[in-house]
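Student: What follows is the residue order along each chain.
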Amino acid sequence: MHPLGNSDSTNGVVLPQGTDLPLEIRVHGRGGQGGVTCAKLIAALYARMGLAVQTFGDYGSERSGAPVQAFTRVDRLAITNRNKVYRPDHLLVLDAGLLETPVLAGVAPGALILLNTSGAPADFGARYRGYRLATVDATDIAREQGIGSSSVVIVNTTIVGAYARILGLPLQLLEEVYASFGVPGDLAAARLAHERVRIQEASADGASPENAAPQAPGQAVVAPLTAPAQDFPIELRTGLWSNQSPSYCRYTPPCNAACPAGNDIVGFVQALKEQGPEAAAAILLRTQALPSVCGRVCPAPCMNHCNREAFDGAVNIRSLERWIADNSQVVLPKLAALRPRRVAVVGGGPAGLSAAYQLALRGHGVTIYEAAPALGGVLRYGIPAFRLPLDVLDRDLSRILDLGVKARCGERLGPAELSRLAAEYDSVIVCTGFGAPHQLAVPGEELAGVEQGLPFLDRVKAGSESVSGHVVVVGGGNSAIDCARSALRLGAASVRLVYRRSRQDMPAIDEEIAEAEQEGVRLMTRRQPVRCLGSGRVAALVLAEVEQGAPDASGRCRPVVTERTTELPCDRVLLALGQQDGLEPLLPARWKVDAGRAWSEGQALSVFFAGDCATGEGTVTHAIGNGHRAALRALAALEGEEAEELEGDREAGATQRVVAPAQIRFSHFEPDPPGRDRHLPLNQARAGFQEFNQGLAGPAEAERCFSCGQCTSCDTCLVYCPDGIIYRAQDGYRIDLDHCKGCGMCVAECPRSAMEMKDKALPGGSR
Amino acid sequence: MKGQLLSANHAAALAATLAARANRTGRGFCSGVYPITPSTECMEFLCAQQIEKGRVVRVESEHSAMGVCIGAAAAGARSFTATASNGLAYMAENCVAAAGLRLPVVMAVANRTMGPPWNIWADHGDALMLRDLGLIQIYCADNQELFDTVLSAFRLAEDQRVLMPAMVCMEGFILSHTVAQTEIPSQEQVDRFLPLTSVPQQLGSTPHSLGQIELPAQTETHRMQHHQAMLAAETVFEEVRGHFADIFGRELQGALVPYRTEDADTLIVSLGTMGLTAQRVVDRARERGEKVGSLRIRMLRPLPVAAIAREFAGKSRIAILDRDISLGFGGVLWGELARLAQAPVVQNYLAGIGGGDVRPEHLERVLADLKGRRQSGTPVNVEAI
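Protein chains in written order, with the UniProt record's numbering: chain A, 1 to 767; chain B, 1 to 385.
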């Protein structure tokens with residue numbers, strides 16, 4: 001820190017003619033604009049002319065935006081006046097908004113007034129005719145020169161350039177003073193103000209401004225104690241001065257963005273917290289045809305993206321969904337369609353059920369054609385009861401069927417039937433899922449005891465399967481885990497799961513893998529079966545060690561099969577290697593599928609494809625989302641419109657503003673470990689097919705939701721507002737922008753990133 | 001007009017810096033500091049200085065700031081700190097310790113109203129809280145005087161006949177934040193002005209403790225010694241003024257600043273910057289033919305009782321201004337001085353409490369009110385006259 005200048009040498013600049021001493025200067029500004037330093041700069045200018053100076057500020061009680069006065073006195077001899085300046089010869093007003101206040105008090109006719117404003121002197125009318133009035137847009141210049149921040153532009157060094165011009169002081173003097181203040185970079189702004197200032201001399205007719213009734217010495221009014229002297233009135237629209245203003249916004253929570261089904265997760269979790277399971281179900285059921293199912297078997301990408309993961313563990317969203325589904329009776333009202341349509345849905349798995357549900361909700365007639373004897377697809381035939389009991393599936397199915405959806409089960413369709421449906425119905429949505437399972441393609445695969453896992457799971461579910469001896473399951477997905485755990489329950493002596501990549505690369509739900517291990521399934525990762533040994537019946541599997549190769553498109557390492565092999569004796573091999581695309585056998589000859597829609601000879605047909613047959617994404621939640629979108633698309637195509645977007649798609653797509661962990665103020669939250677699911681005791685679990693996961697004990701886990709990007713009316717903004725100008729309103733809060741100084745504290749403190757600062761000058765700002 | 005443009009806060013810190021450097025061949029300098037409005041600029045400036053054999057320690061509270069100063073002074077170093085208002089209140093316990101241990105710590109206090117309700121503006125009440133606890137107190141009215149007094153306070157406090165903390169006061173914002181030309185002497189001059197710090201009770205190679213428990217008779221003795229040393233400070237201060245003038249070639253303001261008092265029948269008595277306003281009013285009154293004078297009290301502890309009594313002698317009307325109030329009594333300065341006056345009218349006026357601007361107009365009213373009185377009354381607020 002350095003002294004602000006040294007007036008030992010005067011540099012030969014003398015006081016311009018017409019300036020009488022003693023000289024009193026008053027600066028009006030707002031906290032943050034640099035008004036006090038402005039007065040100091042002016043004092044330093046005069047000090048360099050060898051004159052005695054005195055300068056001081058008169059601060060407001062607030063740090064930013066409050067009216068601030070600063071004073072400079074100039075004389076030939078040492079100054080003993082310790083009072084504020086009441087009758088200034090020069091008046092500088094750094095913020096035109098202050099003209100609403102009595103800044104002109106005590107300013108006599110003929111005085112110099114310098115205003116920071118975009119207007120010209122003539123704009124200020126008769127009231128100012130008696131003054132020598134000058135104007136300059138110092139804010140614009142200073143902003144252009146990058147002085148201060150975007151919210152608080154510091155105008156002091158700029159306006160002093162204009163002041164120097166009015167007095168006829170050389171820029172050289174400014175240069176010296178700015179150097180001594182350590183702001184030589186602001187000279188450019190001062191030069192611009194020096195050029196641009198507009199000056200209007202005092203009117204010769206001497207119209208006396210009403211404010212300027214000068215006080216004779218000794219006659220100043222000393223206010224009585226009952227009305228203490230005020231430098232400013234209370235009513236000051238401090239908000240006019242700010243450059244930025246806060247507002248409430250809805251950023252997309254990462255869980256919502258990650259949900260393939262488009263569920264409003266924060267919406268239903270917050271509703272559960274605030275209003276209970278019925279209200280939560282009413283939100284969830286808008287997008288979710290199968291909440292009881294997804295609450296059990298969803299891989300829950302929402303939880304992988306939960307911002308709470310970076311704090312103390314992700315919110316157990318999957319089990320909250322289950323809790324809502326298991327503890328509510330809500331059904332959404334069926335709407336009446338303006339033009340009811342008839343739609344055929346081919347395939348009664350999750351995608352088809354979701355499409356049918358969404359169509360029926362909107363008042364359309366739907367018929368599901370299902371090849372199997374009952375609806376559900378993989379949910380019914382491929383997921384074991386210890387993960388998804390049939391009564392749970394049936395509960396979700398009955399909610400769909402209660403909407404009037406017709407089901408024609410046991411009807412396997414071919415190309416001819418599909419063509420017929422396309423002609424009969426307004427629209428057809430094909431959701432037939434995957435085709436045949438992948439083969440192992442190694443010698444010995446044909447041996448007895450080597451079989452596909454899906455038919456095995458189907459038989460298990462039907463109660464017609466028994467297992468003995470040592471079982472090897474090949475694969476790393478949920479079906480592989482299901483096969484392994486089912487085999488264990490049916491009496492296998494041992495179960496090994498062989499997978500060619502690492503455990504981290506296994507597509508199965510992490511918890512399911514862990515549970516399988518707890519139950520006794522042994523994982524053998526980085527192993528690839530290369531041969532099945534045995535005479536007539538499999539007796540052993542030859543496993544080659546697999547090394548990690550270069551990463552592939554999925555980011556996982558490509559497996560490199562080595563020559564190093566071992567023999568694993570076994571009595572049974574179950575293959576769960578995924579399934580092939582299965583659409584080909586169904587399509588009529590001239591049909592082509594492009595972007596999920598059927599085309600025939602260049603004509604778009606009202607036939608759409610959804611779920612695994614169209615996307616191969618392979619999860620229930622993807623199928624539900626995809627079925628929903630296909631239904632909307634089919635309806636829109638019939639109306640000749642663009643498809644309505646899912647709420648989640650709209651938020652994620654349009655704004656791309658997904659709340660990141662860094663935008664959450666963790667310090668506002670108490671650490672609270674995730675609510676864990678309850679499970680059957682292991683011995684009981686291994687003994688049968690009773691549902692292993694018993695879910696949460698209650699909905700308290702909902703309290704852990706940060707509600708990222710979505711206001712919860714937590715009052716933090718209101719509490720932290722230093723000006724007390726945030727008020728509770730009917731649906732959130734109201735900010736008094738007349739008095740908001742744009743400090744941004746509410747936005748900085750918002751625990752969940754549900755507020756933002758906007759530049760008032762930009763679109764969306766409040767100016 | 002010569003001098004550097006400095007705020008009084010910076011001037012105080014610069015004086016401390018020059019004094020610190022002057023002790024570089026001795027036990028050096030160490031200062032504990034903690035910010036509080038309106039004295040923050042002072043500690044900021046000090047923190048930014050390079051001081052050979054010196055250390056400025058930023059601590060977590062005013063209490064600890066003075067703790068550092070106590071440790072430094074007890075180790076024989078020169079020491080300084082700055083604070084205000086409730087910061088001084090928090091520092092108070094250790095201020096008493098520094099006084100009781102007879103350690104020559106110099107403090108700059110930017111007088112500020114004690115809160116709550118919170119108020120950042122000037123009021124002498126904070127410093128007056130420590131009036132009776134064994135610290136020298138001097139109140140200043142302008143930047144040059146503040147600089148000169150802080151510098152001289154080191155010589156005064158460290159004088160072997162005095163040895164106690166010295167507090168130099170400036171009204172918050174009104175003086176602390178005012179920038180004006182200030183003449184700054186060279187380091188070489190300051191070196192000649194300030195002898196090396198010497199603390200005879202300094203903790204050193206011989207183990208001993210400071211401030212242990214005493215029996216009543218011992219405490220009585222120590223109190224009387226401290227009192228005698230405080231009284232001696234008045235004389236020592238005059239000597240310091242002599243040295244100051246010899247070395248710097250200008251006057252250090254004295255313990256009292258009388259202005260046109262010789263032939264006056266009416267006196268305006270005050271502390272701090274109000275005294276300068278009083279002088280302006282005296283000039284106006286003299287132009288009207290009124291025999292008015294101003295007596296500005298600089299040194300409140302020790303109180304130059306005899307000198308004040310001499311100034312009061314023969315006056316018929318005395319107005320005592322207080323920018324403070326001892327609640328349940330009245331102005332502190334009035335309480336101190338009224339008994340020294342024989343005048344028929346000695347009236348207390350409370351002015352600028354909480355930082356209000358005391359203008360000449362207020363003091364004109366004081367004079368008018370004083371003229372109309374036949375006898376002294378209870379304290380009145382100038383806003384209510």
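Check each hint, because a few of them may be wrong.
As the list claims (entries may be wrong) - Chain A side only, calculated, beta carbon under 7 Å to chain B, not exhaustive:
no.: 1; residue: Ala44
no.: 2; residue: Gln54
no.: 3; residue: Gly57
no.: 4; residue: Arg82
no.: 5; residue: Lys84
no.: 6; residue: Cys409
no.: 7; residue: Gly410
no.: 8; residue: Ser468
In case anyone wonders, no lab produced these hints; they're calculated from the structure. All of these numbers come straight from a predicted model, not from anything done at the bench. A virtual CB, placed ideally from N, CA and C, is assigned to each residue, including glycine.
Student: Would you mind marking each hint as holding or not holding in the structure?
Tutor: Now the hints, each set against the structure:
no., hint, result
1, Ala44, "holds (6 Å)"
2, Gln54, "holds (5 Å)"
3, Gly57, "holds (6 Å)"
4, Arg82, "holds (4 Å)"
5, Lys84, "holds (5 Å)"
6, Cys409, "violated (76 Å)"
7, Gly410, "violated (80 Å)"
8, Ser468, "violated (74 Å)"
The earlier numbered hints that this structure contradicts are 6, 7 and 8.
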